[in-house]
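Peer 1: Two chains, two frames, a set of hints: combine them into the complex.
So the sequence lines, in the order shown, correspond to chains S and U. Every position in the first sequence, counted from 1, becomes a number in my numbering once 7 is added. Every position in the second sequence, counted from 1, becomes a number in my numbering once 111 is added.
Hints listed in this document are in silico derivations from the structure and should not be mistaken for laboratory results. Possibly wrong hints are sitting among the right ones.
What the hints assert, rightly or not - 25 Å max Cα-Cα, derived PhoX-like pairs, lysine-lysine: (1) S:K22 <-> S:K49; (2) S:K22 <-> U:K174; (3) S:K76 <-> S:K62; (4) S:K173 <-> S:K141; (5) U:K174 <-> S:K163; (6) S:K76 <-> S:K141; (7) S:K129 <-> S:K49; (8) U:K349 <-> S:K62; (9) S:K185 <-> S:K76; (10) S:K76 <-> S:K95; (11) S:K163 <-> U:K349; (12) S:K95 <-> U:K349; (13) S:K49 <-> S:K146; (14) S:K185 <-> S:K173; (15) U:K349 <-> S:K127; (16) U:K174 <-> S:K76; (17) S:K163 <-> S:K141; (18) S:K33 <-> U:K174; (19) S:K129 <-> S:K33; (20) S:K146 <-> S:K173; (21) S:K62 <-> S:K49; (22) S:K76 <-> S:K33; (23) U:K133 <-> S:K173; (24) U:K133 <-> S:K49; (25) S:K95 <-> U:K133; (26) U:K174 <-> S:K49.
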Amino acid sequence: MSFTDEQLYERILEKDSEALETLYNKYERLVFSFAYRMMQDKQRAEDVVQDVFSKLWRDHATFDASRGKFSSWLLTMTRNRCLDLIRKSSKQQEVGLLDKDAERVNDTLHDAPEQAVEWKEKSERIREAMSHLKEDQRKIVELFYFHGYSQDRISKDLDIPLGTVKGRIRLALQHLRKRLEPERGEFADGTSDM
Amino acid sequence: MERVICDLTIDYFNDQLTAEEKERFEQHLEGCSECQQELAEWQMLSEDLPYVSEMVEPPIGMKERVLGSILDNSSSVAEQETVQSDTVVPFQQPQSTKSGRQTTARWIPLIAAALVLSLVGNAYLGWMVQDQQQALVTQSETVDQLVALVNLQPLEGDSSGTASIVRNGDEIRVVVQASSLPELSDEEVYQVWLIDEDGPDRAGTFTSTGTDGAVVYTLPAGQDFSWDQIAVSHEPTKDSESPLGEVLLASAISAPGNE
Chain S
8 MSFTDEQLYE RILEKDSEAL ETLYNKYERL VFSFAYRMMQ DKQRAEDVVQ
58 DVFSKLWRDH ATFDASRGKF SSWLLTMTRN RCLDLIRKSS KQQEVGLLDK
108 DAERVNDTLH DAPEQAVEWK EKSERIREAM SHLKEDQRKI VELFYFHGYS
158 QDRISKDLDI PLGTVKGRIR LALQHLRKRL EPERGEFADG TSDM
Chain U
112 MERVICDLTI DYFNDQLTAE EKERFEQHLE GCSECQQELA EWQMLSEDLP
162 YVSEMVEPPI GMKERVLGSI LDNSSSVAEQ ETVQSDTVVP FQQPQSTKSG
212 RQTTARWIPL IAAALVLSLV GNAYLGWMVQ DQQQALVTQS ETVDQLVALV
262 NLQPLEGDSS GTASIVRNGD EIRVVVQASS LPELSDEEVY QVWLIDEDGP
312 DRAGTFTSTG TDGAVVYTLP AGQDFSWDQI AVSHEPTKDS ESPLGEVLLA
362 SAISAPGNE
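Bound-form chain U, shown alone (with noise of 0.2 Å):
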């Protein structure tokens, strides 16, 4: 029966236990002096095992965008009190540019819906974004200068969210929002669309804790907003180059100076 629980170590070390059987193991491990040994030596190889890979050099620009991102995130998080820290996972900037991007035919009834949905919604829910706004405003004072925060609208289930979008120095971030998101399964992953006649931009793509998620996007520096609408969608990977996936949230945006 002992022989039994000690077979379990190298489950355990890979994590392959269930909840009991780990409980049962941890409390085995403790009078185990054999098991310890083992888990010991594993541990140890860990030191060594990994210098069995190649030694690849990391894609031409890794260090900005995650270093980026984690301390951009940080100090938006830390700003604005608006975004949850633990549920913002932005892990990818947008790929494509202004001159690269391509016009997806079954948008353009999107995008008109969304416009539609926006106004309405707008209206209906004009008086908490106005509080919201003001909350926002009133914080930005001392911290960013807020251009715009919009109501999310939705167009596919029962998601809900805001988008602000805040200027500090000469740095503009899209804060995105999002609850009652959809479930995502295996690669999925939700993207950020910023939107104009040209058609949609990438702009963040996020996970969720949960049903709740978050990104904040940072666009490249001295670039000027100049999109008109946002939208979310559900994406199958995180690498797709133009939205493929249900479009949940989309709203009209008003532009730096039509404030």
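Just chain S, same shape as in the assembly (with noise of 0.2 Å):
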């Protein structure tokens, strides 16, 4: 019988660490690659897979159901430990570039295990509707999402007014939801999410 994530996440509260491996061994390399991506640098990436789950685990970091998915949950606060992490070693990376990881991205595909699957999907999916953002949007939700940059500074590493990066930003966004949206739902989480 498999448990959804929601009900491990219930047993972690309880101490039950055959439910921390259980939803780790799903989420690792989940976990691991995107904040990789974030940080660039392995070893501070599982760092932040450390941090993330022994908060789950000992800090009893609240997940609510009601407000989305426990897989949405757990990037989320992925993204926020690396973003800690960035500002507070003050060395934001330069800006990784997506196309580059488009290329690399089936070469691991192979010997995956079945979430490879799903993630592969995902991943299609994000990349086609990101392909279809001019250049200069790609870059500001570069800077904006994965190193989280503010709109100040985002104006000033690009040298473009603040007005014009908030136009950007909520343009990817719109453009983004109109190719998304038609096949949200599509992908749910199998058993975990249900």
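Peer 2: Below you can see the structure in the form of structure tokens.
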């Protein structure tokens, strides 16, 4: 019998280490890969994985199922932790190129577990949506989402007016929403997110 | 005016607002359906955007390190009330082994200083340690076997701390707890070193909450405890393979069987 993520989360609150391991097994690659994408450093990405799962286990990080899926919450925790560390270290790395990732993503899928199939679907879907953005919009999403830059910082870094930053981010959001909305819901997380 | 507050949505999402701005925006958010929708859309995109990342194979042994540390920490903290759970932040197991370690010349005077200070300090603070030791021994009768408890002597600054070595079955754990630690910046950490005549071995990295910090280090299964000194240094990064920063605390310890 497989448990939903929510059920596993409840069991973690009761200090069930098997539940922690089950969730860890399921999300290790996703959390690590996302953290690596943001930190650009394997050791620091591992530190993030440790922090996220420690928080889950030790600090009773509060998940509210009514506000979204467990996986989204976990990824938000991961992103927040990455941004904390990036800001703390004041070493915000140069922007990684989405195109570079697109070239390499499929190379690691041949021997991946079943989650890789879901990953591939989601990855293709978001990349397809991103590909319809103009280069300046993609760059701004990168700075805003993966680097957590403020609008002021983006404005200074790209040497564009603050109003333009806001406009481009909103425009990017609208485009992505338009592309993703019709398909949203087709990629439920199987048994885990029922 | 209203437009200006709405423009803060993006920075609110990225937690880039000051406390005042944040409070003001949250008040605004309650009544602005446009901002609520925009925020919800970004949150929804957070389900998809991480998948832009390429799938990266986690480093070998990461699962063991991560889960081992979390669960080990948890059980140690539960068993030993002397360790404050909210300050325990170990995040790296030692990478060096007995055969691969390096002896650092500059370490030698520090070892000597540590020994002298340790002897003086132990005499001076002996009664304190005795009290704590007695308490731990009483407690350990039901959970762990306390092998040694040492009072760490300050070499730099006014930090203080204790180190206890606890045996639980085949497993030996070293629990280091320190207070009045200097502030960390950037990637700095505190590193615990176990020292013998061959030099120092890494034994857990930790950061601090406020000025307090602690770490629980579990020796590899089956490994005997053979070190005779313990020290805590202030390192520029968690990757130091040998002590690079100031040694804050140090003390001589007794090996198992010598108690």
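Peer 1: Next step is simple, just say for each hint if it's right about the structure.
Peer 2: Comparing the hints with the structure gives:
no.: 1; hint: S:K22 <-> S:K49; verdict: violated, 29 Å
no.: 2; hint: S:K22 <-> U:K174; verdict: holds, 18 Å
no.: 3; hint: S:K76 <-> S:K62; verdict: holds, 18 Å
no.: 4; hint: S:K173 <-> S:K141; verdict: holds, 15 Å
no.: 5; hint: U:K174 <-> S:K163; verdict: violated, 40 Å
no.: 6; hint: S:K76 <-> S:K141; verdict: violated, 30 Å
no.: 7; hint: S:K129 <-> S:K49; verdict: holds, 23 Å
no.: 8; hint: U:K349 <-> S:K62; verdict: holds, 20 Å
no.: 9; hint: S:K185 <-> S:K76; verdict: holds, 21 Å
no.: 10; hint: S:K76 <-> S:K95; verdict: violated, 29 Å
no.: 11; hint: S:K163 <-> U:K349; verdict: violated, 33 Å
no.: 12; hint: S:K95 <-> U:K349; verdict: holds, 15 Å
no.: 13; hint: S:K49 <-> S:K146; verdict: holds, 23 Å
no.: 14; hint: S:K185 <-> S:K173; verdict: holds, 18 Å
no.: 15; hint: U:K349 <-> S:K127; verdict: violated, 35 Å
no.: 16; hint: U:K174 <-> S:K76; verdict: holds, 24 Å
no.: 17; hint: S:K163 <-> S:K141; verdict: holds, 20 Å
no.: 18; hint: S:K33 <-> U:K174; verdict: holds, 12 Å
no.: 19; hint: S:K129 <-> S:K33; verdict: holds, 16 Å
no.: 20; hint: S:K146 <-> S:K173; verdict: holds, 13 Å
no.: 21; hint: S:K62 <-> S:K49; verdict: holds, 20 Å
no.: 22; hint: S:K76 <-> S:K33; verdict: holds, 14 Å
no.: 23; hint: U:K133 <-> S:K173; verdict: holds, 18 Å
no.: 24; hint: U:K133 <-> S:K49; verdict: violated, 33 Å
no.: 25; hint: S:K95 <-> U:K133; verdict: holds, 20 Å
no.: 26; hint: U:K174 <-> S:K49; verdict: holds, 14 Å
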